[in-house]
Amino acid sequence: GNESGGDQQTENNELQEVDIMLDWYPNAVHSYLYTAQEKGYFEEEGLDVNIMFPTNPTDPLNLAAAGEVDLGITYQPDVITARTEGIPVVSVAAIVRSPLNHVVYKADSDIERPRDLEGRTVGYPGIPVNEPIVETMVEADGGQFDEVDLVDIGFELQSSLVSGRADAVSGAYINHEVPVLEHAGTAVEYFDPVDYGVPPFYELVLVTNEETLEEDEAKINAFWSAAEKGYTYMKDHPEESLDILFENEDQENFPLEQAVEEESLDILMGKMETEEEAFGTQSRESWEETISWLEEMDYISETPDAEEIFVNTAE
Amino acid sequence: MNKRYRPEHQETALEFRDVTYTHKGSQSAIFQHVQAEVKQGEFVSLLGPSGSGKSTFFRLAAGLSHPDQGTVFLHGSVPETRLGRVGYMPQQDLLLPWRTILENGMLPLEINGVPKKEAAHNVSAHLKAFGLDGVENQYPHELSGGMRQRVSFLRAVVGGSDILMLDEPFSALDSITRFMMQEWLLEQWQMAGQTLIFITHDIEEALFLSDRILLFTQPPIEGRFTEITVPLPRPRKENARDHPELLKLKRELINRMRGEGGII
Amino acid sequence: MNKRYRPEHQETALEFRDVTYTHKGSQSAIFQHVQAEVKQGEFVSLLGPSGSGKSTFFRLAAGLSHPDQGTVFLHGSVPETRLGRVGYMPQQDLLLPWRTILENGMLPLEINGVPKKEAAHNVSAHLKAFGLDGVENQYPHELSGGMRQRVSFLRAVVGGSDILMLDEPFSALDSITRFMMQEWLLEQWQMAGQTLIFITHDIEEALFLSDRILLFTQPPIEGRFTEITVPLPRPRKENARDHPELLKLKRELINRMRGEGGII
Amino acid sequence: MNRWKSAGTSYAGAALLAAAFFIIWEAGARWYDTPYILPAPSAVLQRLWELADILFLVHLPATLLVIVTGLAVSIVCGVGIAVLMSRSRAVEKSVFPLLITSQTIPIIALAPIFVLWFGYSMWSKVAVTVLITFFPITVGAFDGLRAASKDMEDLLRTMGAGSWQIFRKVQVPMALPSFYSGLKVAVTLSVIGAAIGEWLGADAGLGYFSRRMMTQMDAAGVFAPIVLLSLLGIGLFLGVKAIEYATTKRGGRRS
Amino acid sequence: MNRWKSAGTSYAGAALLAAAFFIIWEAGARWYDTPYILPAPSAVLQRLWELADILFLVHLPATLLVIVTGLAVSIVCGVGIAVLMSRSRAVEKSVFPLLITSQTIPIIALAPIFVLWFGYSMWSKVAVTVLITFFPITVGAFDGLRAASKDMEDLLRTMGAGSWQIFRKVQVPMALPSFYSGLKVAVTLSVIGAAIGEWLGADAGLGYFSRRMMTQMDAAGVFAPIVLLSLLGIGLFLGVKAIEYATTKRGGRRS
Ligand SMILES: Nc1ncnc2c1ncn2[C@@H]1O[C@H](COP(=O)(O)OP(=O)(O)OP(=O)(O)O)[C@@H](O)[C@H]1O
Ligand SMILES: Nc1ncnc2c1ncn2[C@@H]1O[C@H](COP(=O)(O)OP(=O)(O)OP(=O)(O)O)[C@@H](O)[C@H]1O
Ligand SMILES: [Mg+2]
Ligand SMILES: [Mg+2]
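Chains as they are written, first to last, in my numbering: chain R, 1436 to 1750; chain W, 751 to 1014; chain Z, 751 to 1014; chain D, 5 to 259; chain H, 5 to 259.
Don't read these hints as lab results, they were simulated from the structure. Only a predicted model underlies this, so the values are computations on that prediction, with no experimental measurement involved. Built from N, CA and C at the ideal position, the CB exists for glycine as well. One should not assume that every hint holds.
Said to hold, decoys possible - Residues of chain H clear of chain W, computed beta-carbon distances all greater than 12 Å:
1. Thr73
2. Ala94
3. Lys97
4. Phe118
5. Phe122
6. Ala152
7. Met156
8. Gly166
9. Phe241
10. Ala246
Said to hold, decoys possible - Result set (DSS-like, lysine-lysine): computed pairs, CA atoms no more than 25 Å apart in a straight line:
11. H/Lys173 <-> W/Lys867
12. R/Lys1670 <-> R/Lys1706
13. Z/Lys867 <-> D/Lys173
14. Z/Lys878 <-> Z/Lys1000
15. D/Lys97 <-> H/Lys245
Can you make the complete structure from the sequences, with help from the hints?
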């Protein structure tokens, strides 16, 4: 707010704090946020944004629900599950509009199609939706899901695949783990869930808790408009945005490779907005489709009202 | 040599009048309408087998327990509390291991609010008489058993009460050290003249030391204690141990206690 | 009454010939060229202050330690090992708490490979004489101190060695119980006639019980022990305690030991 | 470790306090009314009932297998080392300081790497369980073996006993109470060890299930398997007590 | 807990054994040659050196803050409860059995839910640390306060001492050795507690860093912060020893 007119100090004091927890460590999918941060868009909206990384894959959803953070980036099916548990989370924007999550396996293994996963260890990062994904894929390919040994391996996706502790992993991203593994010299192949009966759900959505939304709607709107500005800038200056990202990378925890992130951003651009749908918008149809898929899979026992699950912050 | 004045009708230092006492949670009484008195300046031993109530007698006298019935008099009157009025020398020396000899001696004074400096001065004055000069800055574990008992006695004396109760103070010592401590105690007492009440289960010790012995039998004890007056003159020297009167009394006491003790 | 045969020239049960011994890691020797012998059937006490080497003497005799120089003879010869040849009754009774009285008594027999049934039978035969019939199926903690000591003695006797060494067996008992145990021990010994070697620091106890006393002084002990032969006849009754000879010897010993003990 | 015993006297006050705790929790949870953060005890019990099938038939056996295997390994190795240490001063002097030092090192922090070594098999969880139960078992057994006093051993030697006889007739019976004390500590720790192991990567087990319920924001579901774990811990504890009762003779228990 | 002491005699055999262990490890690691599964000790040290900056400046302080705060909370509450228990039989009888029972319950398995309650703040880790250190501190202090024998207290009462004087002049000095024993156990556990806490949700700290390195298959990087954690544990242990030495008088330490 440049029109607020107070001196610098009081203006700083007036900045509203926003805690946002990413779905993962900073990578290309977050560059619009870092761009918004770096370009001062958040500050213009009167926000002091604190970007956090999760220790457990489900923390963004859980902590947003518990009110420990204001916003979390998480997965559409998980939001649906949470709603059926009576947990008051609301999706305020869709960030990636179709699955990045693919089932990845080493190229030199003799896995050729999803049903080959029978009798093998498939690791997943503790995010529950991986179960119906793998189930849908294996069954769609005529296999027996019962025969698949699904193991919660936390964040150890790459290491368990490389060390051979898991034969395949679900929950690995086509824009990240795949190029990283390739880059590190492990040739991998993958199945796209959408090819095997899984609906094209929103891979990443931005969630908050009902209470936060009610009390701080203005803050969340302000956050989103800054984020949109960041996105627009990123679209126009992808190279510079990546540079900004690299300045913010978590070097010791999650070192990034220039080539990988470039490739990643390329893949993402096509998934963050489409011809018909602008960045961040959500459609009732998408939510309903995903809900009915989960229902079919007996993954949820109640049908949440699609109207209550999301609020279109983006217009 | 005998500095002590012993009139026939001394004042009473301690008196149990009609005292009845039952341990909490216990079925049967230890004392029933018990009568006993100890005169000022007397050396009285409580002699009896284990479990006969000697320590209980002491706890009542010192104010650690309270009679169910009857009254305990100190110097002829009933004080508000007997705690702090009777000095106590326990069986184990119970010296505080983190305090030096001097600091251990100062304990009762500190508790009564005497300033440290004055307390230290006060205790130091006694060290020599107790054969403890030179070790005042050592810690208890550096001393022999006999020396520790002397510190314990010093601590009881320094407290200033003129009634001292000693609960089997020498039973942990070996026999030679014990002999020597008995003689030393007698000397100290003959000089200072407090009232001493001495608990023991050693017949010889009781006979050699005391003016009078109160015999404790299996509880309950009713009415008056069986009393034995030791007919030896004061001051007693080491050879008093072999006095024929003592040997006779000893024989009598052994037989009597054996009769009562039953199975070993 | 006196069943025991005591010729002037009995056989030697135990002999230390020219024994020198230093504790491992210690600077100075405990024994230097020590000579001592105990005749068959004799009751010998080892009397001395704490730390004078009485237990060390025992360990050498029993084969738990080995002399640096010199030889220990049992019954005039040098056995391959002295372990298992000498019975031992320790200061604390050291009964195994998870074994009944009977089972504790059977221990030395079991160790020597006697079948359980026979061992039980063997021990049972002794129970009455030791005043333990009726308690054979109880556990040690259910018995009084005096009874536990009798079990411990029973166990030493059952082992079958005819040399028994008792290391301060009564020092944990109260004085009345102690008197009774002394008399009881004397009775048992007068009946059975083993060789008894008795460690104590109680002068009266040593005098009342023994034929002979070996005096232990501050180590190192060199050559022959100072010996005292107790001039009392056997069998001794309780009143032997007051025998004028004994009182005289006691006085002598007290003075002697006090002289050597130095500071308490 | 006598404190286990002293707890057995009068439970009235304790029961009251525990009841008060649960009542306040229930009331607080109802008042706060956000069951995904703070479920009421009644909700936890209800969830336990609903999940009983899967918990009892799938996850409890998985955890139990880990615990039993881990304890077995710890007992075999721990008692073995304790015996070696008790028989040789040299072994004791070299091994014991290392054992002690190892306790000042947070080896449990190494647990994540077990997954690399043992994969997601049972053995990574067993390894964590062993790590956490090994020390109390070894020290309990060793302290016990040492408890047989030198005097007692000497007594038996004067009877002509060899070292095997001394071991069997004195050291082992003497060691049992202390060994069982160590084992009681170990069984309660083993439950924690298995749960921690399951956090690191698993597909079954109560610890895994609890964590999985976390991912579904089902707090009552988080607590339910923990209630079972607690019962398992208490059950194991009582089991050891029963074995202790059966294997130590009456006289061995001092009053 | 005298075993801490007995370790202080002769270290030669232990040092040798430890050296042998490291040499075999180094050799084994070089021979096996898959550093992402089994790094050589030398590789770990090298990695420690490379990462020194970030480990010492960022993660060590974060962990230390958690540990110190957790220990402080445990000491204040634990000693408080111990004092209450030692002063009143009624409190002891109600609280002590619950304390003991709480140890048979794997409360640590509840740790994941702390993240829901406290978020990624320091407090979720502090809570785990408190959970794990509370018991030894409380029991150490309580056992110590009880160690002052009834006889000693009676002795002081016959001198006319009030209960505050008995507490200050007998119970507290008597309690210190046992309290410090408990504290020594607690500080080594606190390191583990902080590490476990950091696994569950953190953005800094040695336990967190170690686990992150797992994600990158950098086994030497997994071990490096654990080496630091160990040194931290040993350092805290020695620190307590130093404080003990300074605050208990020579006579209080029996030889
Ligand atoms: N606090 C108590 N509660 C119940 N009974 C007690 C208590 N203290 C002592 N007694 C019992 O009271 C009796 C007398 O005990 P007391 O300690 O006075 O004996 P004592 O003559 O001092 O014995 P000792 O020579 O063993 O010290 C004993 O039977 C004992 O068991
Ligand atoms: N294993 C040992 N190593 C070194 N010195 C020892 C050992 N055992 C005993 N000593 C020392 O040898 C001396 C004699 O000890 P011993 O136990 O034989 O005395 P004691 O006469 O039996 O004393 P007490 O009456 O106290 O039992 C003492 O000074 C003691 O410190
Ligand atoms: Mg008494
Ligand atoms: Mg001895």
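Results for each hint:
Consistency note on H/Thr73: stated as away from chain W, and its beta-carbon is indeed over 12 Å from all of that chain's, at 31 Å minimum. The claim that H/Ala94 is not at the interface with chain W holds, since no C-beta of that chain comes within 12 Å of its own (minimum 16 Å). Against chain W, the non-interface label of H/Lys97 holds: every CB pair exceeds 12 Å, the least being about 15 Å. Every Cβ of chain W is farther than 12 Å from the Cβ of H/Phe118; the closest lies at roughly 41 Å, confirming the non-interface assignment.
Look at H/Phe122: its CB is around 41 Å from the nearest CB on chain W, clear of 12 Å, so calling it non-interface holds up. For H/Ala152, the shortest C-beta to C-beta distance to chain W comes to about 10 Å, within the 12 Å cut-off, and the non-interface label is violated. Remark: the non-interface label on H/Met156 conflicts with the geometry, its nearest Cβ contact in chain W lying 5 Å away (cut-off 12 Å). The Cβ of H/Gly166 does not lie farther than 12 Å from every Cβ of chain W; its closest approach is about 9 Å, which violates its non-interface assignment.
Every Cβ of chain W is farther than 12 Å from the Cβ of H/Phe241; the closest lies at roughly 23 Å, confirming the non-interface assignment. The beta carbon of H/Ala246 sits about 18 Å from the closest Cβ of chain W, which is more than 12 Å, so the claim that it is off the interface holds. Taken as a hint, the H/Lys173 and W/Lys867 pair is honoured in the structure, with Cα atoms around 17 Å apart against an allowance of 25 Å. About 13 Å separates the Cα atoms of R/Lys1670 and R/Lys1706, which keeps this hinted pair within 25 Å; it holds.
For the hint pairing Z/Lys867 with D/Lys173, the CA-to-CA distance comes to about 18 Å; that is within 25 Å, so the pair holds. Among the hinted pairs, Z/Lys878 with Z/Lys1000 is inconsistent with the structure: their alpha-carbon atoms are about 35 Å apart, more than 25 Å. Between D/Lys97 and H/Lys245 the alpha-carbon distance is near 22 Å, which keeps this suggested pair within the 25 Å criterion.
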